[in-house]
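Residue numbers (the working numbering), protein chains in the order written: chain A, 1 to 194; chain B, 195 to 630; chain C, 631 to 751.
Calculated directly from the structure, the hints in this document are not laboratory data. Check the hints yourself; a few may be wrong.
Distance condition first, Cα-Cα at most 20 angstroms in a straight line; then the derived PhoX-like pairs of lysine-lysine [claimed, not checked]: (1) Lys92(A) to Lys102(A); (2) Lys202(B) to Lys233(B); (3) Lys558(B) to Lys487(B); (4) Lys510(B) to Lys544(B); (5) Lys92(A) to Lys256(B); (6) Lys667(C) to Lys650(C); (7) Lys347(B) to Lys335(B); (8) Lys92(A) to Lys249(B); (9) Lys335(B) to Lys92(A); (10) Lys325(B) to Lys102(A); (11) Lys252(B) to Lys301(B); (12) Lys642(C) to Lys44(A).
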Amino acid sequence: MSSVIPLTEDQRDALQELLNISMGQAANSLAHLIETQIGISIPKIASVTPNELFGLIQQNDQAFYTRQSFLGDVHGEVMSVLSRKGLKEVAKLLEYEEPLSKEDVQETILELSNILAGACLAGLSEQLELNTNLNMPTLFAPHKATFSDLQWENSLVMEVQFDIEFSSFSMRVVFCLDHDSFNRLTQTLDELLG
Amino acid sequence: MFEQLVEKLPVGICVVDEEYRLVYLNAFFIDRMQAEWRKSYPGELLETLFPEQAKFLKRRIKSVFVLQHPSFSYWEQRPHIFPFRSSRPITGEETQMYQNMEIVPIKEKTNGRRLACIFLQDVTAQASYFKTQQKLSEALKREHKAQQQLIRKLDSAQSQLIQAEKMASTGQLAAGIAHEINNPIGFVQANLNTLQQYSEHLLQLCDAINTRLQDERDELKDFISALRDEHHYDLLREDMGDLISESEDGLKRVHDIVQNLKQFALEEKTGLQTLDISEATHQLMQLISAQYKTPTYRVQCASEPIRLQCDPGAVKQALMNVVMNAAQSVSGSGWVNVQLAEQDDMVTIKIMDNGCGISQENMKKIFTPFFTTKPEGQGQGLGLSVAYTAIERHNGNIHINSSPGRGTVVVIRLPLRQDKNSPQEFASESPGESFG
Amino acid sequence: MAISLLVADDSKLSRRSVIKSLPPEIEFDITEAANGKEAIAHIQDSRYQLLLLDLTMPEVDGVGVLEHLRNQGDGPDVVVISADFQPEKQRTVMALGAKKFLRKPLDSEELAMTLFELGYL
Chain A
1 MSSVIPLTED
11 QRDALQELLN
21 ISMGQAANSL
31 AHLIETQIGI
41 SIPKIASVTP
51 NELFGLIQQN
61 DQAFYTRQSF
71 LGDVHGEVMS
81 VLSRKGLKEV
91 AKLLEYEEPL
101 SKEDVQETIL
111 ELSNILAGAC
121 LAGLSEQLEL
131 NTNLNMPTLF
141 APHKATFSDL
151 QWENSLVMEV
161 QFDIEFSSFS
171 MRVVFCLDHD
181 SFNRLTQTLD
191 ELLG
Chain B
195 MFEQLVEKLP
205 VGICVVDEEY
215 RLVYLNAFFI
225 DRMQAEWRKS
235 YPGELLETLF
245 PEQAKFLKRR
255 IKSVFVLQHP
265 SFSYWEQRPH
275 IFPFRSSRPI
285 TGEETQMYQN
295 MEIVPIKEKT
305 NGRRLACIFL
315 QDVTAQASYF
325 KTQQKLSEAL
335 KREHKAQQQL
345 IRKLDSAQSQ
355 LIQAEKMAST
365 GQLAAGIAHE
375 INNPIGFVQA
385 NLNTLQQYSE
395 HLLQLCDAIN
405 TRLQDERDEL
415 KDFISALRDE
425 HHYDLLREDM
435 GDLISESEDG
445 LKRVHDIVQN
455 LKQFALEEKT
465 GLQTLDISEA
475 THQLMQLISA
485 QYKTPTYRVQ
495 CASEPIRLQC
505 DPGAVKQALM
515 NVVMNAAQSV
525 SGSGWVNVQL
535 AEQDDMVTIK
545 IMDNGCGISQ
555 ENMKKIFTPF
565 FTTKPEGQGQ
575 GLGLSVAYTA
585 IERHNGNIHI
595 NSSPGRGTVV
605 VIRLPLRQDK
615 NSPQEFASES
625 PGESFG
Chain C
631 MAISLLVADD
641 SKLSRRSVIK
651 SLPPEIEFDI
661 TEAANGKEAI
671 AHIQDSRYQL
681 LLLDLTMPEV
691 DGVGVLEHLR
701 NQGDGPDVVV
711 ISADFQPEKQ
721 RTVMALGAKK
731 FLRKPLDSEE
741 LAMTLFELGY
751 L
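This is chain A alone, in the form it adopts within the complex (with noise of 0.2 angstroms):
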């Protein structure tokens, strides 16, 4: 990742903070549907260029992958990476029956991409007092060749890790911003460290 983060060190703490009590709440939002304890990684905040953002959601093909764009106050995309390991027991978990049919976790993998994204940008948009609304999740499949022909030079990135011990199951959330929402969500973070 670039080393260029176009935020102040109290900025990416402050951002840091709301994401660790966003991602709280999601899971908290989560266990509590499925009974099931979650891990959460401590949420890590950099500058990307879309190679890098290429190679920061194409880690290994043994993944599913969602994207969700949200609007609002700020604009940007959530992307899912969701891990093949773990799924079947997840999808169980939602109460989907065996055997489970292509639709069956394909809807699973939609399913929860929308709640972990979606309870994430909830809770940072409530913390900043930010209103934001998300989009239906749809499947999709990273090719480099898209990537490289975004039209940005760099994006904010926010990246989060779900895990499901017992079944061994994890899940990473990016949220990229685009720049008239980076310039947002500075001003709002420096009127909250104030």
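Dock chains B and C against chain A, hints included.
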């Protein structure tokens, strides 16, 4: 006004409370349900109205209440959540409605009661469009694949043509060379014979003089003896016979090469005859096994006889060359196995061995005339070229698969009957060079 | 006399907000630690009466600090303040000897109530 608007929206709206009881349905839902529920649905349980869908819906609604976050469902994964028909019950082909669903958490303004609102979208048009597109794209993919296969076939046909072309021109060249070499070989052979006789006479003459001289005067004896030494007579005498017999061997080899070249160039066209290929194979195997004793030989014939219309000489030669290669590649406890089978007007001859195999690098060159891996003097590199040309001429084909160190399989396929209009020439049947 | 307090949290913002939320009636002698390792070092150096501890931290996390304290014995009163408030997590830290679990974002009244319950007010 808003009430009317919501009522008329082209989107299904269904509101339920935390006990999964219906609070509100808009016209989109009501119009598609049994008339008896039109007035009486409020307060009814979701599963009373939608017993089949209740389990899934309740699970999703629960997650919306717990997470206070929307839940989505798409037609791709779950095409028909509610048992609704798509519009056009009279004119259109009536099909099940494809649906996208979103459930969002809402709160009643007056008392803060938590509710979940289901939005249902009819996406039948998009879905059918998407499916048509998908079918189209699949058809395109299939076509593309077929074309690729065709291109591969063309490629292989082209390389075969190039190979055939090469063979043909090499054949012409070979025929020319064979012809040119034949004449000088003829007189060299004849002269050599005479030379041998002359040399014998000369030696006898010298020897006789020698014997006679034993009794003569010293002066002449010394003179002759000095002459003998000067001309290394003993060495000459010893060597001359070997030199001549070696030269004869050499000439024999040149002669063989020329004969093979002629075969390759197909100068000797004997014309079409019926050959029992199974019998021919048995004979051939006996011949070869007498010469190469190392491998175990086996012939398997699905049915006998197999009558093959062909130029017997050429086909036998082709088969012999292939089997000989197999026999020569085998060492130790090796085997050569030939299988014949007749199917669909074709005979398939499979020659298998567990010999040294052919390296991938050499595989490209095996049909090239004069290519050989045998030590110098032991092979001319014409065997497979001859076989290839003969088989091509019979409208057949030959394929070789080999795994170095493990063995080789050669598959020859020949049509049982030759087409009279075949462009390939068989001397006796050809109308002949009418211009010639 | 001032109460010796150690605030362990990897976020500066979070430490600041914890310190801001402390009841003004009590005088504190405050030390800050930016991760579990630092917290353990401070505890080994001097005695603290109270430890306000975050869970998700680099190096050694909050659970690691609690485990260290349990092996040592005679440590400070620990109040965990964490964003990860899943029931299972709460049970784990309470079993490791934490006196109380508070959620992030921290509510100052809840913190005051806790300090009262623990006898600091």
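To see whether the hints hold, each was checked on the structure:
Between Lys92(A) and Lys102(A), the direct Cα distance comes to roughly 14 angstroms. Compliance with the 20 angstroms bound is thereby established for this hinted pair. At roughly 17 angstroms between alpha-carbon atoms, Lys202(B) and Lys233(B) fall within 20 angstroms of each other, so this suggested pair holds. As the CA atoms of Lys558(B) and Lys487(B) are separated by approximately 30 angstroms, the hinted pair breaks the 20 angstroms bound. Between Lys510(B) and Lys544(B) the CA atoms are separated by roughly 14 angstroms; this keeps the pair inside 20 angstroms, and the hint holds.
Under the criterion of a C-alpha separation no larger than 20 angstroms, the hint pairing Lys92(A) with Lys256(B) is consistent with the structure, at around 16 angstroms. Proximity of Lys667(C) to Lys650(C) is assessed by CA-CA distance (about 24 angstroms); at most 20 angstroms being required, the pair is judged violated. A hinted pair counts as satisfied when its Cα atoms are at most 20 angstroms apart, and Lys347(B) with Lys335(B) qualifies at roughly 18 angstroms. With a C-alpha separation of about 14 angstroms, the suggested pairing of Lys92(A) with Lys249(B) holds against the 20 angstroms cut-off.
The straight-line distance between the Cα atoms of Lys335(B) and Lys92(A) is roughly 36 angstroms, outside the 20 angstroms bound, and the hint therefore fails. Simply put, Lys325(B) and Lys102(A) have alpha-carbon atoms about 17 angstroms apart, close enough for the 20 angstroms limit, and the pair holds. At roughly 18 angstroms between alpha-carbon atoms, Lys252(B) and Lys301(B) fall within 20 angstroms of each other, so this suggested pair holds. Distance restraint check for Lys642(C) and Lys44(A): the Cα-Cα separation of roughly 16 angstroms lies within the 20 angstroms cut-off, and the hinted pair is therefore satisfied.
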